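Undergrad: In case you want the letters, here they are:
2 protein chains.
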Amino acid sequence: MNMGKDTVLSVFALGGLNEIGKNMYAIEYGNDIVIIDCGNKFPDESLLGIDLIIPDISYLIENQTRVRALIVTHGHEDHIGGIPFFLKKLNVPVYATRFTLGLIEIKLKEHRILRESELIEVNSNSLVPIGEMNISFFKVNHSIPDCLGIVFDTPEGTIVHTGDFKFDLTPANDERADIHKMAEIGNKGVLLLLSESTNAERPGYTPSEQMVGKNLEQIFIKAKRKVIVSTFASNVSRIQQVVHAAKATNRKLALLGRSMVNVVKVAEERGYLDIPKSMLIDARDINELPPEMVSILCTGSQGETMAALNRLSTGNFRDVEILPEDTIILAAGPIPGNEKSITSIVDNLYKLGAHVIYGSGSSSGMHVSGHGYQEDLRLMLTLMKPKYLIPIHGEYRMLHHHRMLAETVGIEEGNTFIMKNGDVVDIENSIARHTRMIPSGDTYVDGVDIGDMEFVLRDRRKISEDGMLVIIIPMNKQEEKLLSEPEFISRGFVDQNFSELRKGMHRITIETINELQEANRNSRNVMKKQVKRSIAKYVKERTRKEPMIVPILMDI
Amino acid sequence: MNMGKDTVLSVFALGGLNEIGKNMYAIEYGNDIVIIDCGNKFPDESLLGIDLIIPDISYLIENQTRVRALIVTHGHEDHIGGIPFFLKKLNVPVYATRFTLGLIEIKLKEHRILRESELIEVNSNSLVPIGEMNISFFKVNHSIPDCLGIVFDTPEGTIVHTGDFKFDLTPANDERADIHKMAEIGNKGVLLLLSESTNAERPGYTPSEQMVGKNLEQIFIKAKRKVIVSTFASNVSRIQQVVHAAKATNRKLALLGRSMVNVVKVAEERGYLDIPKSMLIDARDINELPPEMVSILCTGSQGETMAALNRLSTGNFRDVEILPEDTIILAAGPIPGNEKSITSIVDNLYKLGAHVIYGSGSSSGMHVSGHGYQEDLRLMLTLMKPKYLIPIHGEYRMLHHHRMLAETVGIEEGNTFIMKNGDVVDIENSIARHTRMIPSGDTYVDGVDIGDMEFVLRDRRKISEDGMLVIIIPMNKQEEKLLSEPEFISRGFVDQNFSELRKGMHRITIETINELQEANRNSRNVMKKQVKRSIAKYVKERTRKEPMIVPILMDI
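Those protein sequences? They're chains P and D, same order as listed. Using numbering that gives the first Met the number 0, you'd call the opening residue of the first sequence number 0 and step up by one each time. Using numbering that gives the first Met the number 0, you'd call the opening residue of the second sequence number 0 and step up by one each time.
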C-alpha cells in the first residue's frame, strides 16, 4: 500500500444495486462527496401500508461536512423521488437539467421546501468544479427528455456514470445523444464506468421511438370514433408522437390525469413539447365534438387504481365515457408486477365495446423501452472503453448479464465489480479494489413517518393473515385477582363455532390466571405471556388458524 | 314459443368464465344435470389469508335430486381442486380417465372421503348414458396426460366440450389427439361447442412439446456439472423428456418435492411415464455421485416459497446444495402474477454461481404452452363446425378474442355467446338463447372454514394498511360512568409522537363519553360509534393515517 499524500478515490451505491429503484450513487475524493441521483422505490404487497422506500443515508449524515452536491441524471421517480427527504436532512446544491428541475420543483413545492433549496441548472456543456474534481456531462437518450451522463475528472482518473440510457438514432424531438463526445471521453481514458443494466438480459438493439410514431398514426387513421392513449406522463417524446398523430388526423387533444396535466405543462413551458394551442381541449368539451375529432392522453398505463385509465374503464371519470367503437391504446410496456392490474382494465374496456391495443412493446408496437438492450450496452462499453465496470441499476441477474457482456467487448475478467448497496470500491494508483462496506439500507416512508418499521410490518402481516383476537382481563389492583369476566373481541378472525370457541377461551383464560396466582406469579408480563400462549395453542388446535392474540390486563 | 312436451337443453357455467380457474360447467336436459369439472382458484393478495376459492354450488344443491354425475376432463387443479368440497355436499359418481382418477384419489384421501366416493374410469372409447343423454369422449393434447373432450348427444342436438387442449402433432409419449374422431363428430353435426380460450390472444400455432425435448438435450450435453430442472409435476411429457435427456447423457435422476414424487409415482404405476428403474436415486445419494452424472427434477417453477426450487436457491434443502457451474433450467412459463417470485429465485441462483435458463417459452425454448393459440382454436372450430359457440376458460378479453376468431371461420355473427358464470343458454328446436341466470359466485375456503367472508376480509385489509388501535373504556355499570382511565393499545400502527397522540386520544375519549352522558345518551352502541368517530378524525388529522379503531366498553 502506498503511504503518503495520495488521496483515495471511492465509489459506492446507497441504492440501485440488486434492485430496480431508489438509485443513489456517490463519488468520494478526499474531502468531497458528490451524490448522483436520489430516488425512491415503491413497496411490494408484503410491505403493508408503507408508501415509499428511500435510501438510508446514515453514512452521508455522519459525513455531512463533506457532502458537496447532488447531481441528478434525469427526472424519473427512481432518481428524484427521494430528493425532498434528502434535502430536509442535508441541504446541498442540486444540479440538474431544465426539464429535470421542473419535475424536482413540483416535489419540493409539495414538501414546502422549495424556497430554501438551491437548484442549479446544467446542460451537456456545463462544467462544475467541486474540490479537486471537475464534473462535465454528455447527452443520452432515454424515455424522458433532457437526460445526462456524468463525467468526473479526478487526479486519480476519470469516472463516468451513464445515467439511464439507450441509443436511439431516430429519436423524436431531435434529442440526439452525444455519441462523438462519448467517443472523445473514451479516447481520453476512462478508469471506471458505472453503466445501467435494466435490459441486460435482452439480446439485440432497443427499437427506436420512431417505430411507435408510425404505428400510432396508423391506428389514429383507422379509428372510427375517439382515440384514447395512455402512457407515462414523463414520456414526452411519446406524447409528442401522439400530438403528431392527432394533428395528422385532425383531432383535438384532451389531457386526463393530474400528472399528465402537470408534466405536459412543464414540458411545454420549457420548450420540450410542441402542441398547437388550438389543439388542446378540456375534458368537458369532449362530448361537444364528434368522436372522430377527439383524442385523449391519459395516465394509468400501469393499471393504477386511482389513475385515469382505470377510472375510465369503470365508468368513474366525470365528463368522459368510453363508448362502443372507441379505440384505446396502452402505449406503455407493463412493468413487471403490474400485469394483472393492466389486463383487468383491458377486460373492462372490451366489455364497454372498445377496441383495445395492448401488450408488451413487441406485440403491440405501441411501446419501446427507454433502456438499452445488450447491443446498446456493448456500444456504450466500446465507446467508453473503461478499465473497470460497475454495472448499476438492476437486479442481480441483470448485473450478472452485464458483466458477461462486458467480457465480450474487452473488459478484462475480474475488472467488473458486482456490488451490493454499501459496498465500496477504492481506487489508488489506477488500481480498483473492493474491500470494505459502509452502512446502507432501506428507509420506509409511511404517511408522515420515516423510520424503521420492521415490527409494525410484522404485526400487520400477521393480522392480515388470520386476524386478531383481543382478550381483555380486568384485574382488581388491590386484591390481585380477576375483577370481572374476561372479554373477547375479534377482528378479521372468523370461526363457524365462535360461541363454542369463546367458551373454551374463557375457561382457559381463567384457569391460566388462577394457576399463576396460586403459584404467586403475579407479574403482568408473565400473565400476558401465558394467556397468549395457552389461547394461541387452543385456537390453533380447534381452527387451524393463528390469529394475533393480544391479551390486555387492566388494573382497575 | 313451443308448448307441449319439448324438453329444453340448457348450458351454464358456475366457474371458469371471466376468470382463469375454478372451472365448472353444466349440461341440463329435463330431469338430468351433468357437471363438467370442478376446480379451484387461488386467491390474489387482496384476499388476505384465504386459501382457496371454489364455485358456489347453491343452484346444484337446490336441484340435487337431478344432479347425476361429475365428468372430469383432466387432472389440473383448476379442474379438480374443488371436487372434495363438492362431493361432501353432493356425492355423485365421478367419471374420469385413469391418470386423472389417480390425482383425484390423492385429494379424496387427504379429505378422508375416498371410501365413500364412487369413481368410474373412462377412456376415449367409453359410452355413458345418463337420462336421455348419451355421453362419449375424444382424446385431446394438453400439458398433462390422459385428457378428454366430451360429447353430449341429446334429442335436442349435440353439445361438445373441448376440455383444455392444443394440437400437438409430435407429442411426447405418443399421446395423439383423436383428430379423425373430431372430424366425424363435426360431420354428424354439432349444435353447440364449449371451447377453451386461454391463448386466444396469441397468433399462430402452439409450438410442439418436441421442441423442448431437443433443447433440453442440448443443455444436458453442455452442462459440466449437475442439472436441475424445475417444472410442473403434472406435466408428464415434460418429465418424460427430462428422463430422455438424462438417459442420453448418462445421468441419474432424483425427484425433489412432494408433488413431484407423488405424481411421478402415479404416472409410472399407471403406465404414463417410462423411467428405467436404475435411473432413479434418492436426494441423499446426490452427493455420492460425480456431478456430471446427476440430474434433478424439482417442484417450484412458479416461485412458490415452500417448494423445492426456492428452498434450493436459499440453501434450505436438506442434502442438496447448488454449487458453482451447476445448471438450472426453469422448464415452465411464468404464469401471470408469478414473475417477481421467479426472478427473485433466478437472482439467488446466479449468486450461487449457477448457470440459469429461464424466461417465457419463446425466449428460453424450455417451455411450450398446453393451450391452443389462435390457429389451434380455428382448427377445432373448423373440425367441429358448430352452429353456436360458448368460449370458456378465460378472462373477458380472451373470450372476446375467441369470438372474433370464430367469426373468421364460419360461425355466424350473433351465434357466439360471451357469458358470465351463472348465465344460462337454453336451446329449443335448435335455437339457442341467453335469457336467464341462476345463482353463482365464489365460495372461500379458509383453513377449515367455508363460506362468505367479505366482512372478515374487509377488516383484515383495513388493519393491514394502517394497523389497529384498541381503546378500552371501563364503565361502572351501576353508576353509568367511567370506572377507570381508558387504555390504548396499538398493533401495526406507529407514530413518532405516540405519547402526545395518546394524551390527545385520552382527552377526546373522556370528553366524548362525558358529553354523551350529560345528554343522557348512554347506549353502549352510540358511545362506541361516537368514540370511534372522534378518535378516527383526530388520528387522521395528526398522522394522516387511518388505523382501524376498536372501542371496547367494558361494564364492570
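Because the hints were derived from the structure by calculation, they are not lab data. Note that this is a predicted model, so its numbers are computed, not measured. A virtual CB, placed ideally from N, CA and C, is assigned to each residue, including glycine. A couple of the hints might just be wrong.
[Stated by the list, open to error] Pairwise CB distance ranges (calculated): (1) D:D284 with P:E540: 37 to 43 Å; (2) P:Q516 with D:N261: 34 to 40 Å; (3) D:L279 with P:T304: 47 to 53 Å; (4) D:N414 with P:T169: 54 to 60 Å; (5) P:N496 with D:A518: 37 to 43 Å; (6) D:A518 with P:Q516: 40 to 46 Å; (7) D:D284 with P:S498: 35 to 41 Å; (8) P:T304 with D:R114: 32 to 38 Å; (9) P:E545 with D:Q516: 50 to 56 Å.
Undergrad: Where does the structure disagree with the numbered hints, that is, which hint numbers, in rising order?
TA: The structure breaks hints 2, 4, 7, 8, 9; every other hint is satisfied.
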